[in-house]
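Read top to bottom, the protein sequences are chains A and D.
Residue 17 in this note's numbering sits at position 17 of the first sequence, and the numbers go up by one each step.
When you read off a place in the second sequence, starting at 1, and then add 1000, the result is the number in this note's numbering.
Quick caveat, the hints were computed from the structure, so don't treat them as lab data.
Take the hints with a grain of salt, since some may be wrong.
As the list claims (entries may be wrong) - Cross-link-like lysine-lysine pairs, in silico, DSS-like; alpha carbons within 25 Å at most: (1) D:1112 <-> D:1125; (2) A:108 <-> A:207; (3) A:108 <-> D:1112; (4) A:125 <-> D:1112; (5) D:1125 <-> A:112; (6) A:204 <-> D:1281; (7) D:1040 <-> A:221.
Number of protein chains: 2
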Amino acid sequence: MTAKSQKNWTGEPSELLRVGEGFRLADVDPSATPGYDGGKKSAQQDLESGAAELDEYQERLFAESRSDATNAAVLLVLQAMDSAGKGGIIRHVVGSVDPQGVALAAFKAPTKEELAHDFLWRIEKELPAPGFIGVFDRSHYEDVLIARVRDLAEPTEIDRRYDAINDFEKRVSDGGTRIVKVMLHISPDEQRERLMERLERPDKYWKYNPGDVDERLLWPKYMDAYQLVFERTSTPWAPWHVVPADSKWYARIAVQALLLEALERVDPRWPAPTFDVEAEKARLAAS
Amino acid sequence: MTAKSQKNWTGEPSELLRVGEGFRLADVDPSATPGYDGGKKSAQQDLESGAAELDEYQERLFAESRSDATNAAVLLVLQAMDSAGKGGIIRHVVGSVDPQGVALAAFKAPTKEELAHDFLWRIEKELPAPGFIGVFDRSHYEDVLIARVRDLAEPTEIDRRYDAINDFEKRVSDGGTRIVKVMLHISPDEQRERLMERLERPDKYWKYNPGDVDERLLWPKYMDAYQLVFERTSTPWAPWHVVPADSKWYARIAVQALLLEALERVDPRWPAPTFDVEAEKARLAAS
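Please build the complete structure, drawing on both the sequences and the hints.
Structure, rendered in structure tokens:
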């Protein structure tokens, strides 16, 4: 079920990258390009033809939702260590789609008001409406990642959250939203290089935050927290995918392929007219 | 002050298209291409180089806002008769920008809850945050356009709204948001053709609404309502621009030029680092 436009995959990206039974994050090579039988150049071409395919899927998804025939939506959840390329995915993969059909939400450190509610309160409000492709730049998973690494909540509370997330995602999925969860996986060395670049270019200073190095020093604890996330929340209705991301081109083509597969499974159709086409033509011609 | 990337303008689009003293909508030819010394092909090239310029401006605007140095934002307000090309502008002009820096709001017929509040209540909530390019697809102007044409409010209430809009926009402008108001102006014949196309293609049926013809029959009343809007709400802090839109390529290049001029006036700069660059380099290298 690989997307038509992407000819260089040796298998289905959703199968190749899915977190299944016995998955170990430590065994994933962040510099690998699994299942893609081509290099940067063919990936660029695939990305362009994929963009055209994504564009039509998005419009059909949106069109169908206007007809009340379906509640279908798609939700891409992006998680990663700093500088792993979430922004690039949003810009180059999501950015190729008509902005009128995209609902983007970036989750920062929770505000005082947000902290006063259950951790899923602010998430619920940003779920995509029918017909939309929603994108979460960070998500409710921060509440079991940084929250665990930095002891921002009691262990019993964090433990409760995994099941709460599964129940929540089941409800969202049952409601018609196809959830695509992606962790972009880079190596600590690649991160150092990318952060260093931000320190070398005055037009990149604004992207650098000294706190990024503090988080970086906790790398092994973060990887453990991700491993736990995968073990406890990769479900049949919302499986995780780990995308090696040291090669930006690979990460982009892989996430695009995952989105295309999700939309192919939704299979949105142009809705039938809700009016008499010939009568309307006559009325319009006379106006 | 024409944008660097757009070489084919004979003057500043913001001057050429601005609604000033004595403006009469009836005198504007929707098929004209005022001030643009080129055709569809050179417009396509200008649109591409303009997209690159817009991209950098957007990133600088966003970057500067992160530094707390400024509250600057830009707000594009789009108004038009059906099928005049708002969607195309959003897709092809706004859509070229990183979606992470764009805040898009589409205003439909107000809900019961919205109607229970002042007409600006729902508008206020969608104003762009500092650093963002906001886009209103329809706006508070519906409350003096369709509201006037369809008698959806008392004449005294509609009359009150013009001044309320001016005060509101003054406050928004004083707060650092540069407002760019655009009416896309098509002819009734062009509209008939575009609506007819929607009736001839099954992948366009979903865009057709029989109500569009009902509105179309009120064309002269709408033009009168627009004329009044221009007379009462084209202010120094938020002037109107009327963009002839029978040629889609012209409307797109013109709106892009208006956005570029607005950003050029904001003139956002890469912010200085808020940390010791060399110390951070050493700390990062050691990590």
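Checked hints:
Pair hint residue 1112 (chain D) plus residue 1125 (chain D) holds up; C-alpha atoms about 16 Å apart against a cutoff of 25 Å. Distance check on the hinted pair: residue 108 (chain A) and residue 207 (chain A) sit about 14 Å apart at the alpha-carbon level, within 25 Å; holds. For a cut-off of 25 Å, the pair hint linking residue 108 (chain A) to residue 1112 (chain D) is broken: about 32 Å separates their Cα positions. Note on residue 125 (chain A) and residue 1112 (chain D): the hinted pairing holds, with a Cα-Cα distance of about 20 Å set against a maximum of 25 Å.
A hinted pair counts as satisfied when its Cα atoms are at most 25 Å apart, and residue 1125 (chain D) with residue 112 (chain A) qualifies at roughly 20 Å. Of the supplied pair hints, the one linking residue 204 (chain A) and residue 1281 (chain D) holds, its CA atoms being roughly 14 Å apart against a limit of 25 Å. A hinted pair counts as satisfied when its Cα atoms are at most 25 Å apart, and residue 1040 (chain D) with residue 221 (chain A) does not qualify at roughly 57 Å.
In terms of the numbered hints stated before, the structure departs from hints 3 and 7, listed from lowest to highest.
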